[in-house]
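A.B. asks: Given next are the chains, with one letter for each unit.
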Amino acid sequence: MNENKGAIKKMMIILSKATIENVYAAFVLANGARMEGIESEIFFTFFGLEAVHKKKLDNLHVATVGNPAMHIPTMLGGLPGMEALATSMMKKEMEKIDMPEIPEFLDILSASGVKMWACKLAFDMFHYKKEDLYEGVNDIITVGDFYKKSEGEGVHMLFI
Amino acid sequence: MEKTIAGKTITVNEEGYLTDFSQWDEKVGEEIAKEASISLTPRHWEVLKYLQNEQKNQVALSIRRIGKSGLVDIKEFYALFPNAPLKTATKIAGIPKPASCI
Numbered sequence: 001m002n003e004n005k006g007a008i009k010k011m012m013i014i015l016s017k018a019t020i021e022n023v024y025a026a027f028v029l030a031n032g033a034r035m036e037g038i039e040s041e042i043f044f045t046f047f048g049l050e051a052v053h054k055k056k057l058d059n060l061h062v063a064t065v066g067n068p069a070m071h072i073p074t075m076l077g078g079l080p081g082m083e084a085l086a087t088s089m090m091k092k093e094m095e096k097i098d099m100p101e102i103p104e105f106l107d108i109l110s111a112s113g114v115k116m117w118a119c120k121l122a123f124d125m126f127h128y129k130k131e132d133l134y135e136g137v138n139d140i141i142t143v144g145d146f147y148k149k150s151e152g153e154g155v156h157m158l159f160i
Numbered sequence: 001m002e003k004t005i006a007g008k009t010i011t012v013n014e015e016g017y018l019t020d021f022s023q024w025d026e027k028v029g030e031e032i033a034k035e036a037s038i039s040l041t042p043r044h045w046e047v048l049k050y051l052q053n054e055q056k057n058q059v060a061l062s063i064r065r066i067g068k069s070g071l072v073d074i075k076e077f078y079a080l081f082p083n084a085p086l087k088t089a090t091k092i093a094g095i096p097k098p099a100s101c102i
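Chains as they are written, first to last, in the working numbering: chain S, 1 to 160; chain R, 1 to 102.
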């Protein structure tokens, strides 16, 4: 941690969830790193893979159940349509602060040089095909490959 | 604080951004670019002028907006100003550092 005064050189972000608030957290952190001249890579694993699945990435939802920050009773959060309603409300607020939607955000990340990796285990488990994935995904790799890519000074790893 | 850039005394903040745009000229821009190891080409100048114009029109600058500028796409912007492009380009252009996360 002490080399180069602890300067961060690379962020390795592991995204394991497909709820929109988690996907945005990963994307904002990855993009923010690039804006500061820090390298960043995202490893999409388990449900996080949906964020780079072409047919699913545009339909991600906010979690209305089991999310105390929603400030609605859990039973109401489970009613039909609640997730869609909360999601559309959140998307409106995001547009106001110039937050891109997921497909545009992926293009920004890709153009900014963020490397994207799909987890092989999750990819196989969900029976995805290579052509299901967003074009900006660099490759389908194992956990071991990801650790290998994380070697070096000033590399930080973050699990979302 | 004050700093001598291209033979002129310029007022900058602690991160090296000009605090008074009227002190900026192209020579000052070139000197700041040199500190960031960038030699400015006509293409750089097109982008820098665009940024200055956006700042004059009080548009909040962000990477997303650069991508939608119609002038330069995000990939080229990163290629022109490697390592923190928005921060570097605004510093060279003599305008404030954008307070944007996107």
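Rather than coming from a laboratory, the hints here were simulated on the basis of the structure. Every residue gets a Cβ at the ideal spot worked out from N, C-alpha and C, and that includes glycine. Fair warning: there could be bad hints in the mix.
[To be verified] Here are the simulated SDA-like cross-link-like pairs (lysine to any residue), alpha carbons at most 25 Å apart as the crow flies:
1. S:56 with S:8
2. S:115 with R:50
3. S:149 with R:79
[Said to hold, decoys possible] Among chain S residues calculated to face chain R with C-beta under 10 Å, some are:
4. 31
5. 75
6. 96
7. 97
8. 135
A.B. asks: Taking the hints in turn, state whether each one holds.
C.D. replies: Okay, the hints, checked on the actual structure:
Between the alpha carbons of residue 56 of chain S and residue 8 of chain S the distance comes to roughly 33 Å, so the proposed pair goes past 25 Å and is violated. The straight-line distance between the Cα atoms of residue 115 of chain S and residue 50 of chain R is roughly 29 Å, outside the 25 Å bound, and the hint therefore fails. With a C-alpha separation of about 23 Å, the suggested pairing of residue 149 of chain S with residue 79 of chain R holds against the 25 Å cut-off. Taking 10 Å as the C-beta cut-off, the interface hint given for residue 31 of chain S holds, the closest approach to chain R being about 6 Å.
A distance limit of 10 Å between C-beta atoms decides the matter here; for residue 75 of chain S the minimum to chain R is near 35 Å, and the interface restraint is violated. Against a cut-off of 10 Å between C-beta atoms, the interface hint on residue 96 of chain S is violated, since the closest Cβ of chain R lies about 12 Å away. Contact between residue 97 of chain S and chain R, as hinted, is supported at the beta carbon level, the nearest pair being about 8 Å apart and thus within 10 Å. About 14 Å separates the beta-carbon of residue 135 of chain S from the nearest beta-carbon of chain R, more than 10 Å, and the hint is not met.
Of the numbered hints given earlier, the model fails hints 1, 2, 5, 6, 8; all others are met.
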